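Participant: Modelling step: build the complete structure from the supplied sequences, incorporating the hints.
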Amino acid sequence: MKKIISVVLVLSMTMGLVSCTPGLKDRIKVEDQLGKLTNVDGNTLINEDEEYEAMVNSLLYMINDTDLQGVWLVATDDDVIFATGQEILDNEGNVVDPYTTFEIGSMSKSFVAVCIFKLMEEGKISLDDTLGDLFPEYSSCPYYEATSKVTISDMLHMRSGIPDYLNAPDKFWDEEVVCEIIGADFEELREEAGLETFYTSLEEEYFLERVFTCEPNSEPDTEFEYSNTNFYLLSVIIEHITGKAYQDYVREVIFDPCNMTDTSSMAFGDVEASLPEDAFYFRPEYSKGAGDIHSTAVDILKYDRALFGGYLLKDDSLETMLTPIGFYACGLEVMEGTVQHGGDTPGFTCGHYIIERNGQHLYVTGWSHQGDRGGIINLLDRLFDPKPKSNKNIYIVIGASAVIVAAAVCVVVGTKKKKSKKSEA
Numbered sequence: 098m099k100k101i102i103s104v105v106l107v108l109s110m111t112m113g114l115v116s117c118t119p120g121l122k123d124r125i126k127v128e129d130q131l132g133k134l135t136n137v138d139g140n141t142l143i144n145e146d147e148e149y150e151a152m153v154n155s156l157l158y159m160i161n162d163t164d165l166q167g168v169w170l171v172a173t174d175d176d177v178i179f180a181t182g183q184e185i186l187d188n189e190g191n192v193v194d195p196y197t198t199f200e201i202g203s204m205s206k207s208f209v210a211v212c213i214f215k216l217m218e219e220g221k222i223s224l225d226d227t228l229g230d231l232f233p234e235y236s237s238c239p240y241y242e243a244t245s246k247v248t249i250s251d252m253l254h255m256r257s258g259i260p261d262y263l264n265a266p267d268k269f270w271d272e273e274v275v276c277e278i279i280g281a282d283f284e285e286l287r288e289e290a291g292l293e294t295f296y297t298s299l300e301e302e303y304f305l306e307r308v309f310t311c312e313p314n315s316e317p318d319t320e321f322e323y324s325n326t327n328f329y330l331l332s333v334i335i336e337h338i339t340g341k342a343y344q345d346y347v348r349e350v351i352f353d354p355c356n357m358t359d360t361s362s363m364a365f366g367d368v369e370a371s372l373p374e375d376a377f378y379f380r381p382e383y384s385k386g387a388g389d390i391h392s393t394a395v396d397i398l399k400y401d402r403a404l405f406g407g408y409l410l411k412d413d414s415l416e417t418m419l420t421p422i423g424f425y426a427c428g429l430e431v432m433e434g435t436v437q438h439g440g441d442t443p444g445f446t447c448g449h450y451i452i453e454r455n456g457q458h459l460y461v462t463g464w465s466h467q468g469d470r471g472g473i474i475n476l477l478d479r480l481f482d483p484k485p486k487s488n489k490n491i492y493i494v495i496g497a498s499a500v501i502v503a504a505a506v507c508v509v510v511g512t513k514k515k516k517s518k519k520s521e522a
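Numbering-wise, the sequence shown is residues 98 to 522 according to our numbering.
None of these hints come from the bench; they were simulated from the model. Owing to the predicted nature of the structure, the values given are computational and were not obtained by experimental measurement. A hint or two may mislead.
[What the hints assert, rightly or not] Pairs of lysine-lysine residues, derived as DSS-like cross-links and limited to a Cα-Cα distance of at most 25 Å, are as follows: (1) K126 x K411; (2) K221 x K246; (3) K221 x K411; (4) K341 x K411; (5) K484 x K126; (6) K268 x K246; (7) K133 x K484; (8) K221 x K341; (9) K122 x K411; (10) K133 x K122.
Facilitator: The structure is reproduced here in structure tokens:
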């Protein structure tokens, strides 16, 4: 029996030692990888591996011969390929770089989705739960019967039909109440002063009341309509289920595990990138869950590697999260091998893109004041063609394990034969 136990222990230890999947800590050592790149012009870092030569040369051309501005970071699952900061300055007068904090706008939405799926894995919520299940206390509101049928899935996929409180305030808010709060015309709700006055005094109960009081644009799950209300609502639901502030929960399940040390939720005053003329910083009260996160290119790469590497969610959860209805999944757009989401605030335009080939990923994150991001993404989409990873190590692991298992079987059989011979004697 001792021999059998010993062999089983060796088998368990060996299988642990030969595991060739990098751990999360290795995946998120982005700072170490940036430190190994070559600085070619003071603020552009490149990977000189010949595997990335064509991609790097094309990106350098775009910097020198186009109006590419802002921060760009390009990486794979294992390497950082390219990082640059161009033209835009931070608040201290230095050119921005991958460590500069920006507003990420609607890129924040996938963080809410991950939080929802974490709660699903814990059995605390399901995609089929409805607003009626969660908020029965608003049953006396005019449109409760229609809106109460909206599910968690509908909100994640932008199919709730609830008007956008931020971009279509006239359809969501009560004009008379808004004017009374801001002390000005309703149109001022689109300007900095009106936004700040209204949203910093907004009570959650009034927001929820309006969800069931404003007329829906469509019935639930009948059509796609982008609405920030969906993700504001989801962040409120996260708070109700966990008993924690949204910013605390998202830090607990995403920021801290991913070592996103320069990322915040629901903060104000920590954005380091300067604003263009006539722009203003977006206060988090305007956009909880919908656009409240501030981050850096370095931290977004950590998040992307963790999410798409399977470190934040179970495989079936991630698969469900990335399954679109039409083109929109859960806080992410999915189409033709690319997962993405942009973000626009009064001061910044940004986006992160994940291109998948042969089971490998290319991660691209960019921020600027303005401009089209499509050119650089189309270029990288054409150039990213990684070779399939060799399965040689996997076969060796299987072979080694098989030998150990066979040895264990031999020990068991041999032991039984010896006992049999003794009994025959």
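Participant: Each of the hints needs a verdict: does it hold here or not?
Facilitator: Structure-based check of each hint:
| no. | hint | in the structure |
| --- | --- | --- |
| 1 | K126 x K411 | holds, 22 Å |
| 2 | K221 x K246 | holds, 19 Å |
| 3 | K221 x K411 | holds, 16 Å |
| 4 | K341 x K411 | holds, 23 Å |
| 5 | K484 x K126 | holds, 23 Å |
| 6 | K268 x K246 | holds, 20 Å |
| 7 | K133 x K484 | holds, 23 Å |
| 8 | K221 x K341 | holds, 14 Å |
| 9 | K122 x K411 | holds, 18 Å |
| 10 | K133 x K122 | holds, 18 Å |
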